[in-house]
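Listed below, chain by chain, are the residues.
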Amino acid sequence: MNQSEPVFRLENVTRRYGDLTALDSINFEAPRNEYLSLLGPSGSGKTCLLRIIAGFEKPDEGKVYFQGKDITSLPAHERGIGFVFQNFALFPHLSVFENIAFGFRNGTMNVDASEIDKRVGEAVEMVGLAGLEDRNPEQISGGQKQRVALARTLVMQPKLVLLDEPLGALDANLRGRMQTELRMIREQLDVTFLHVTGSETEALAMGDTVSVLDSGKIIQTGAPDEIYNDPSSSDVALFLNRFNLFEGKLEKGSFAGPFGEVAVKKVQPNDRDMYAIRYDRTKAYKKGQTVPGPALPAKFLASEYLGSSIIFLFETVDRKQVEIDHHLSFGDPDEYKVGEEYVLSWDPAQALVFGKEATQ
Amino acid sequence: MTVDTIRNNRQKSFSQLLLAPGVFWMLLFLVAPIVMIIYVSFWTQTTFSINSTLTLASWKNFFSSEAYVGALWTTLRLWLIVLSLTFIIGYPAALFVGLLVKSKTLATVLLVLCVIPFWTSFLIRVLAWRPMLGKEGAINIILQKLGLINTPIEALLFSELSVVIGMTQIYVVFMVGPIAFMLGRIDRNIIEAARDLGAGFGRIFWKIIFPLSLPGVVVGAIFVSVMVLGEFATSGALSGRKVNLLGNIIVTQVGSLKWAMASVVGVILTFLLAVVVAGFLRIVDLKSEL
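If you're matching them up, the sequences are chains A and B in order.
Note that numbering that gives the first Met the number 0 has the first sequence beginning at 0, numbered continuously upward.
Note that numbering that gives the first Met the number 0 has the second sequence beginning at 0, numbered continuously upward.
No lab work stands behind these hints: they were computed from the structure.
A few of these clues could be false.
Stated by the list, open to error - If the Cβ cut is set under 8 Å, some of the chain A residues that face chain B in the computed set are: (1) H92; (2) S94; (3) T220; (4) A222; (5) P268.
Claimed, not checked - Chain B is nowhere near these chain A residues, computed Cβ spacing over 12 Å in every case: (6) T107; (7) D163; (8) G247.
What the hints assert, rightly or not - For the chain A half of the interface with chain B, some residues (derived, Cβ under 8 Å), not all of them: (9) M155; (10) P291; (11) G292; (12) F299; (13) A301.
Predicted model, so just to flag it, every value in this text is computed and none were measured.
By construction, the Cβ of each residue, glycine as well, lies at the ideal position given by its N, Cα and C atoms.
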């Protein structure tokens, strides 16, 4: 297999549950030795996609290729694809060591006992679990369980590891640490990670490439900064949770929204007319002040202090919440009075416009 | 004394109050009777009366009688046979209900179906085997009609076989229930994780499913053992008095007012049960599993 050939590829994969189409003719491929993250809201079909790649479910239509071979009808235990479960799914009656050795002892490979000791030992070392080999899963912490689940899979030296919301069961502090660690561990090995998550920050932080899944379709794939700065549709902008989105009407290069009419230059194709401006590019002005662009009257609701920045929440006349992210490195924030009317504005050049009358 | 210790003491005396009825009940109806039958087993029995002069006569009598010791062995043999059969028949059924049936509703319905025979009385369920197994019973008639046998099989009824069949049918559900419950609690992700690591079905069964269902097997085995070891009705109704279990001996001894001998058998049976239950509890630590 040469370096450029994808490690796995999905071809028109469709999966239905009764009337519900969980996956709708998905075409997707992953290069060798990469960290891919797949962002999707709950119910987007992301777990279903992983289960089909792993072989726990069969697609109704389409084919799955792994290392150049069609594995669509190959049972899960013969695929050699790693899977890390959200709840870790450790074997509760086996020690940490035996959990990690399970694949050697019970899999298709024939590995002798001294080799098992050596390789499990290395895996234990790699994920930093030395000294805990004889513990039972119930005697270790969440983060340690995560490491056992990872070691158990990686020790088999798979070329592809599927991670189903692997950080979902950990607390925020640990999640941050495991993010770095997951990336570091992957970089030591020649393996592709496909990390599925519902968290936009996690998807952007982890992936060399990010794909966005919505209603059974992959709607955008790209580098994290590409996705962040240039979402291809209003749905992607919505999942990123960094944009104030406004509905309106786009006609002849002009967008009419709750903030009045704005002339727009570039419009991305979309099934609805939407106007998006990032939280950190939206600013609030006192009534009567000159504003740099559109003027959206809004009432101040509350603020959230996040350490490096403050989020201000405003509410427009039609009861829509608008967020402003003020980074504290740009100086102290203005003081706003709860319940008072302000005018929100932004530089119209920084807005993204989506609509049926696309310019491209 | 601080307020805290007063509160602690109050809590303590309150929880003791909650325990009191249970403790009283157990003392009166479990501990006292056991002490009593141990005591009575050493009393002196004459043909028509019993007095509290202590003697080993009844114990010597039990162990020197071929019939009594034979009953002990029959009880142990039947217990092991019925226990094995309930496991062999019950485990696959539990596997189906607890693991292979995906819908929880269907699993519950199936378990309830297992319990439906209990809506009729115990005795009727036992006696219903007579028209099934008898010389002119359903099974013999069918086998003859099919031409598989010429003369009816007489060993079917009033034999050890009929007692084994009857007991297995009655008690198998007590094996199925706990095992199905344990199997139902196994996280499906664990099984998928094992598959993902390359284990085939056989490996997954022996390395994951069976060990995790073991507490259910032990609970089921305790249920079945306790009931089979104390049995007398099934053997009475289906063996034609040919199979005597320790339970049957107690019934006849009490019937002829031989309290001392009945107590000896009672003590032996209680001891046997204690050993069996303790033995099963050593296999798994139920406290940590349930």
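*Quick one, is the S94 of chain A hint okay against chain B at 8 Å, beta carbons?*
For S94 of chain A, the interface hint is violated, since the closest Cβ of chain B sits about 13 Å away, which is over 8 Å.
*Hint check, A301 of chain A versus chain B [nearest Cβ-Cβ separation less than 8 Å]*: Violated, about 40 Å.
*Identify whether the interface hint at M155 of chain A stands, where standing means a beta carbon of chain B within less than 8 Å of its own.*
holds, 6 Å
_Quick check on the hint: H92 of chain A CB to chain B CB, less than 8 Å?_
Status holds, d = 5 Å.
_P291 of chain A was flagged as interface toward chain B. Is the shortest Cβ-Cβ separation under 8 Å?_
Where the cut-off is 8 Å and the nearest Cβ of chain B is about 53 Å from P291 of chain A, the hint is violated.
*Nearest-CB test (12 Å) between chain B and G247 of chain A*: holds, 45 Å
*asked:* Given a cut of 8 Å on the nearest C-beta pair, is the interface hint for A222 of chain A held or broken against chain B?
replied: Violated: closest Cβ of chain B sits about 30 Å from A222 of chain A, beyond 8 Å.
*Let me know if the C-beta of P268 of chain A comes in closer than 8 Å to any C-beta of chain B, holds or violated.*
With a minimum Cβ separation of about 40 Å from chain B (threshold 8 Å), the hint on P268 of chain A is violated.
*Is the interface hint for T220 of chain A satisfied, with its Cβ closer than 8 Å to some Cβ of chain B?*
violated, 26 Å
*When you look at the beta carbon of T107 of chain A, is every beta carbon of chain B farther off than 12 Å?*
The claim is violated: T107 of chain A sits with its nearest Cβ about 5 Å from chain B, within 12 Å.
*Answer holds if the nearest beta-carbon of chain B is closer than 8 Å to that of F299 of chain A; otherwise answer violated.*
Violated: closest Cβ of chain B sits about 46 Å from F299 of chain A, beyond 8 Å.
*Since D163 of chain A was said not to touch the interface, does its Cβ keep a gap of more than 12 Å from each Cβ of chain B?*
violated, 9 Å
The structure fails to meet hints 2, 3, 4, 5, 6, 7, 10, 11, 12 and 13 from the earlier list, while all remaining hints are met.
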